[in-house]
Amino acid sequence: MKKLLSNALISAAILTPAIFSPVSAADEVKIGFVTTLTTGGASIGQDQEKAVNLALKHIDNTMGGKQVNLIMADDGFKPEVGKQATDKLVKQDDVDFVAGYIWSHVLLASRKSVLDAGKFLITANAGPSPVAGKLCHENFFSTSWQNDQTPMAMGETLNQKGVKSLYVMAPNYAAGKDMVAGVERTFKGEIVGKDMTKWGKDAQLDFSAELAKAKASGAEGIFVFYPGKAGPAFIKQYQQAGLRDILPLYTVFTVDSLSLPKLQAGGMEGVLGSVSTQHWGPDLDNAANKKFVDDFRKDYGSYPSFYAAQAYDSILLIKSAVDAVNGDLSDKDGMRAAMEKASFASVRGEFTYGNNHMPIQDFYSRTVVADEDGNWTTHIDKVVLDDHQDVYAADCKL
Amino acid sequence: MSETKLKNNSKPRPLSFWINAILLLLLAVVPPILFITGQPFWLDVFTRLVILALAATALNLVLGYGGLVSFGHAAYLGLGAYAVGIPTYHALYGGMDAIASFNGFLHLGLAVLVSALFALLTGAISLRTRGVNFIMITMAFGQMIFYAIVALENYGGDDGLTIDVRSEFPLISLDNPLTLYGLCYLSLLMALFIVYKITRSRFGLTLQGARSNEERMRSLGVNCYRYQLVAIVISGAICGYAGFLLGNFSTFISPEMMDWTRSGELMFMVILGGAAFLCGPIFGAAAFILLEEVLRDVTIHWHLPFGLLLILSVLFFRGGLSGALDRLRSQGDKP
Amino acid sequence: MEASLLLIQLLNGLQLGILLFLLSAGLTLTFGIMDFVNLAHGSLYMLGAFICASLTQLTGSFALAALLAVPLTALCGLLIEMVVIRQLYSRNHLDHVLATFGLILCLDTIAEIVWSPAGIAIALPDILNGQLEVLPGVVVPVFRLLIIAVGLLAAAGLYLLVNHTKLGMLIRAGASNRTMVGALGVDIKTLFSGVFAIGAALAGLAGLLVAPIAEASIGMGNEIIITAFVVIIIGGIGSMKGAFIAALLIGLIDTLGRSYLDDIFKLIMSNEAAETAAPAISAMLIYLMMAVILAIRPQGLFPASSR
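Chains as they are written, first to last, in this note's numbering: chain A, 1 to 398; chain B, 399 to 733; chain C, 734 to 1040.
Isolated chain A (complex conformation) (with noise of 0.2 angstroms):
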């Protein structure tokens, strides 16, 4: 037993390396898309893979008259191990677009593996400011939002509603800073109270103590981000606390179409009412949304989280650069030229794109509400920012 154990690990050192090969096909489209398929985070990865496999059955699988290869990739919400997957979709795979990326901070450690590669980077979720920024390239492109426009969104969404004091709650990481901050930015009324809570693998959940302080600290209302299961566990808190009619909630990337029948599962009516701001949302209005949110409904039995709206709009987005320059991927300037048009049909509807690669868009304020059928989802109230882009365009030298 122990020798052939011995002896198989030993050979599988060895030998490992020559079973894998590259495989090269010049007629096939190569798209790697990383996101998170294990952990606590798997559930946004899920919707993710859901919504490309979606767009791809909408597309018939084709582009520019090639077929399509997806290779997904699983980051593991570590920032080390998806840098790893990458490297491997750049070299191993010699994939023509990489897309994807739902965290801040595992896009940052692997743009200069794709960059650096020549390909195409497409970002379906992270935002952070340096990408928008000083580090914009050519060759990346987003379908989502630079993480301050949201919370600049609900700042102008608060003074709308004239609220004067706020309490201000995040995780201690990079997007939950930019979330304070774009809060900061537009929130014209005084901020009385902000905590910023442990994040990471040992993120805190119980948020009891910073809920007694919020609540002592009389605000008008309180803007939380969570992201993630920190989501969920918030509201439930806050419900159980009892600040539903003391403390109204006003959240960015807390409440969506993941965390809702969570909530109406486990009873939590506080959720009820509150409002978030987004640059999407399932009831928007417009053929291609319908048909997205229709036929995900459909195949996966529940609304699409804006997650998997940015993942199918980033396969529609590369399916329009291919289309644009007939299937020839070395054509990576008209690719580029024809990503730049943002002429496919977008979920979000019309938009365009800044200098910076980043969307120019709409944002609009959401109230959480029961369907017709009786399932929690959000419900579009009205625009807050027109045509917005984010502040960073300036620093982007492109």
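Incorrect hints may have been included.
As the list claims (entries may be wrong) - Okay, derived cross-link-like pairs now, PhoX-like style, lysine-lysine, Cα gap no bigger than 25 angstroms in a straight line: (1) 188(A) / 164(A); (2) 999(C) / 194(A); (3) 134(A) / 332(A); (4) 119(A) / 91(A); (5) 999(C) / 177(A); (6) 177(A) / 164(A); (7) 215(A) / 999(C); (8) 194(A) / 161(A); (9) 298(A) / 50(A).
To be verified - Pairwise CB distance ranges, derived in the manner of DEER restraints: (10) 825(C) / 192(A): 49 to 57 angstroms; (11) 341(A) / 849(C): 35 to 43 angstroms; (12) 849(C) / 192(A): 35 to 43 angstroms; (13) 529(B) / 28(A): 57 to 65 angstroms; (14) 849(C) / 576(B): 39 to 47 angstroms; (15) 297(A) / 495(B): 54 to 62 angstroms; (16) 550(B) / 849(C): 30 to 38 angstroms; (17) 435(B) / 843(C): 33 to 41 angstroms; (18) 383(A) / 890(C): 58 to 66 angstroms.
Source of the hints: derived by calculation from the structure; they are not laboratory data. Quick reminder that beta carbons are idealized off the backbone N, C-alpha and C, glycines included.
Given the structure of chain A, go ahead and fit chains B and C onto it with the hints provided.
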């Protein structure tokens, strides 16, 4: 190194000697060939493997030979990597003129020095404890560095830091993957040589003596504490050097690399290879990294078979791969 | 106002401490009597949460689910003990750490496959979702009071078990002298299995108490188990009293650190520096405390006598 071993040994060359020699030879030849034949990704895998083998070799000095179970060695990897990242960051974006530089020697010096200092400081306190308390206090120090780096927002905090320019040395360029691999490989050989020399020295023998019977050593008038502390400092310095290589290799560093699970992985490499065997950590790192790559290709749930193998190797594979080889040899020696 | 806020934070700290105690009690039992380091103890905590969440969905009653989940988690623990842990008692701590590290990887992945990675929220009955004004101006969620009450009950039960039963006598005897217990003709194997199952049940209880606040999620145990280890190290390994006091201490320090550290820092430095430093220091606080205590008292605060 192998020569010395031979001279000291009147017995015929043991099987493990040949296996070790073949392993080191393979590591010298196979990765460059893979790179030249158009498999750059696998050169990356081997570079990571060799760097982690280097770190595990450093850990082996205290864990294997010294019997001190340090659960915080990933902190040194992190310190070494940030010793590259922080000066480079300042050289690019200004500030901190004292250390802002692309100079590789400065990075290397900082990595080794800071790691050694941290080892001295934490080792001096940790060595007051024994057993599980030692395991846990080393982990606590590792966690402290983890959170300290998270708090350094200038350098990316939780999000980590991209190293835009690698350490610069005269004559060689680390941007060439083959050069980088060569440097890592030679560093590993060097570390093996150092550890080998140490374990054969009076110092090393005292250290091993303290592992098996500290009471007796003390009654012989030997101050174990001082020997163990020196071992921890040497180990920390080598591990910091591995971090310097890791930073230059991955060009991205984050607190994640000094998480307690990373320390656990290093420990696993040492144990899987066979603690207190010179080349054990290389076996361990190779098995660990290659297994990870292969299983990851098979299923996204690769943690399950990986964890199972881990448990099985602890249950049925005592002494690790090197131990198995030794048993193999002793069986072969029997008539 | 300030005083009532402080009181609320003390209660919150107490609740965190109680949860930590439930976890570290199991660690103390396995460590004290079997000299076994179980990193995978956090996975049992996760299993307890998931089992309770599934049962709540199935039966529609949190109370019933909770009652069933505790023995079921104990059963899981028993199974794990018989298949893996039992083989490891004769090994050193290093082997324990590595094998249970492997167990964490396995159990987390199995949970991910069985329950999907999304995590499950638990619906509470309305009465537990409400708040209670315990003192004028001090309003706390009912469920948090329940956690404190259940935790204290469990602690009392454990105290009785350890100090006033035959099993407890064996546990205490085993903690100080294992060979002695063996020599008394006690079936060590069964004793160990039973103790491990009790530890698992306590971990499961902690897990199902947390799940309605946060949710049952993959890897939730890995986040708290390190803190639980800090607790038993500070308290002194093998000492139930030490674990209890250290758990409350850590719970209070962690909660109060999070609440007041930035205000304290603002007295001595600029607002901006305080806002940066406070979260980092409060995250490090328990490790700092552990290092300081071990540096002064290498055996922890209340070392179990005569090891």
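ask   = When you take the CB atoms of residue 825(C) and residue 192(A), is the distance between them in 49 to 57 angstroms?
value = holds (55 angstroms)
Holds or violated: the 35 to 43 angstroms window for the beta-carbon distance between residue 849(C) and residue 192(A)? holds (40 angstroms)
Taking only the CA atoms, is the gap from residue 298(A) to residue 50(A) under or equal to 25 angstroms? holds (12 angstroms)
Q | Cβ distance range 33 to 41 angstroms for residue 435(B) and residue 843(C), holds or violated | A | Between residue 435(B) and residue 843(C), where Cβ atoms are some 40 angstroms apart, the hint holds.
Checklist entry - Keeping to a limit of 25 angstroms between CA atoms, is the pair of residue 999(C) and residue 177(A) held or broken? => result holds (19 angstroms)
If I claimed the Cβ atoms of residue 297(A) and residue 495(B) lie 54 to 62 angstroms apart, would that claim hold in this structure? holds (59 angstroms)
Regarding the pair residue 119(A) and residue 91(A), is the alpha-carbon distance no greater than 25 angstroms?
-> The hint holds at about 11 angstroms.
- Item | Pairwise hint evaluation, residue 161(A) against residue 194(A), where the allowed Cα distance is 25 angstroms at most | holds (21 angstroms)
_A range of 39 to 47 angstroms was offered for this pair. Does it hold for the Cβ distance of residue 849(C) and residue 576(B)?_
With Cβ atoms ~44 angstroms apart, the hint holds.
If you check the beta carbons of residue 529(B) and residue 28(A), does the distance land in 57 to 65 angstroms?
-> holds (58 angstroms)
Against the 25 angstroms threshold, does the CA-CA distance of residue 134(A) and residue 332(A) hold or violate the hint? holds (22 angstroms)
Margin query: residue 215(A) and residue 999(C) were given as a pair; does the straight-line alpha-carbon distance stay at or below 25 angstroms?
Written below: This hinted pair holds, its Cα atoms lying about 21 angstroms apart.
No hint from the list above goes unmet by this structure.
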